[in-house]
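Generate coordinates for the entire structure from the input sequences, incorporating the hints supplied.
Residue numbers (this note's numbering), protein chains in the order written: chain A, 898 to 1035; chain B, 898 to 1035.
FYI, nobody ran anything at the bench for these hints, they're computed from the structure.
Treat each hint with caution, since some may be false.
The list treats identical chains as one, so a pair stands whether inside a single copy or across any two.
[To be verified] In the SDA-like style, the derived pairs of lysine to any residue whose C-alpha atoms are separated by at most 20 angstroms in a straight line are: (1) Lys-1006 x Glu-1019; (2) Lys-1031 x Ala-914; (3) Lys-1026 x His-988; (4) Lys-903 x Leu-974; (5) Lys-899 x Leu-1002; (6) Lys-899 x His-1009; (7) Lys-1026 x Thr-967.
Single-letter residue listing:
There are 2 protein chains.
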Amino acid sequence: MKEVEKRLEDNGVRPTAMRILIYRYMAEKEVALALTDIENAFAKADRTTLYRTLRTFEENGIVHQIDDGTNISKYALCEPGCNCELDQDLHLHFHCTNCDETVCLTQQKIPHINLPEGYIAEDANLVIKGICEKCSGQ
Amino acid sequence: MKEVEKRLEDNGVRPTAMRILIYRYMAEKEVALALTDIENAFAKADRTTLYRTLRTFEENGIVHQIDDGTNISKYALCEPGCNCELDQDLHLHFHCTNCDETVCLTQQKIPHINLPEGYIAEDANLVIKGICEKCSGQ
DNA sequence: TCAATAATTGCACTTCCGTTGCATCGGTTG
DNA sequence: CAACCGATGCAACGGAAGTGCAATTATTGA
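Encoded structure:
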């Protein structure tokens, strides 16, 4: 279990008890989580702490923020060694309209797009909506 | 100017004065608009009316809703004959991080993605962030 | 034409999420 | 031990989505 602490420290984040708990929870759940999801899981935790913890995590490359079209920000752990900020690591996300869960499809990268003259791409976000494998009955 | 009325009627929406104004405003501005943008443009209009008008428009294929990653829903007119619900018409959107405007790139379609086993795609949303042509100095 | 009906609009209000300010706690360092 | 700095908790604000209901406007049929 020292792994988590090391992961945090390696990314320049002090491994406090709260942070370790949050990290573990996110690792256990394999879907992207909204602030409220985590808040409900830790009755004791304050919303602000979670908010700032996630922001700290994001700033240090531990989680990435996901906009899945629900207008609610969600967060998911980055894979070790991932560098979300670089174009290479832009995987896509799948939002299930049945169970309302969002997952990272880290194997599926966003294809390169040719933009019209004058447009400069810096980031990309691709969300597919539909039925996930759990809900499609296999 | 009868065009607008016809467009609305053809889509099963009664062409009231308010709706015509909103439609014209959206046609004039060529970017995707948030509820608040329209609200500010029509000081007299009530927020609820705009909200429901846009929903009516969306349900009848006159506008499509865009989630550009700002967590604020935006709306843009569909092209005549477009059918947003079908996969064919899924164009991508560009959000400029400088001027904060979002535009439809109707010529650029979302490429087909091969999903893992068990996932069923029903809709897709691709947003590219960066600098738009106006802001890139050409 | 006029009443009855249905659709549209406006007002008030609620809820939810993101965000900030400030006080407090707790660990680290000199 | 004292001073400091980061982390946490509490309270509150603001913006946006959404709902209920009353008032208004348009449409229909007698």
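The hints, checked one at a time:
{"no.": "1", "hint": "Lys-1006 x Glu-1019", "verdict": "both (15 angstroms within a copy, 19 angstroms between copies)"}
{"no.": "2", "hint": "Lys-1031 x Ala-914", "verdict": "neither (33 angstroms within a copy, 47 angstroms between copies)"}
{"no.": "3", "hint": "Lys-1026 x His-988", "verdict": "both (15 angstroms within a copy, 15 angstroms between copies)"}
{"no.": "4", "hint": "Lys-903 x Leu-974", "verdict": "within (15 angstroms within a copy, 50 angstroms between copies)"}
{"no.": "5", "hint": "Lys-899 x Leu-1002", "verdict": "neither (27 angstroms within a copy, 48 angstroms between copies)"}
{"no.": "6", "hint": "Lys-899 x His-1009", "verdict": "neither (38 angstroms within a copy, 42 angstroms between copies)"}
{"no.": "7", "hint": "Lys-1026 x Thr-967", "verdict": "both (11 angstroms within a copy, 18 angstroms between copies)"}
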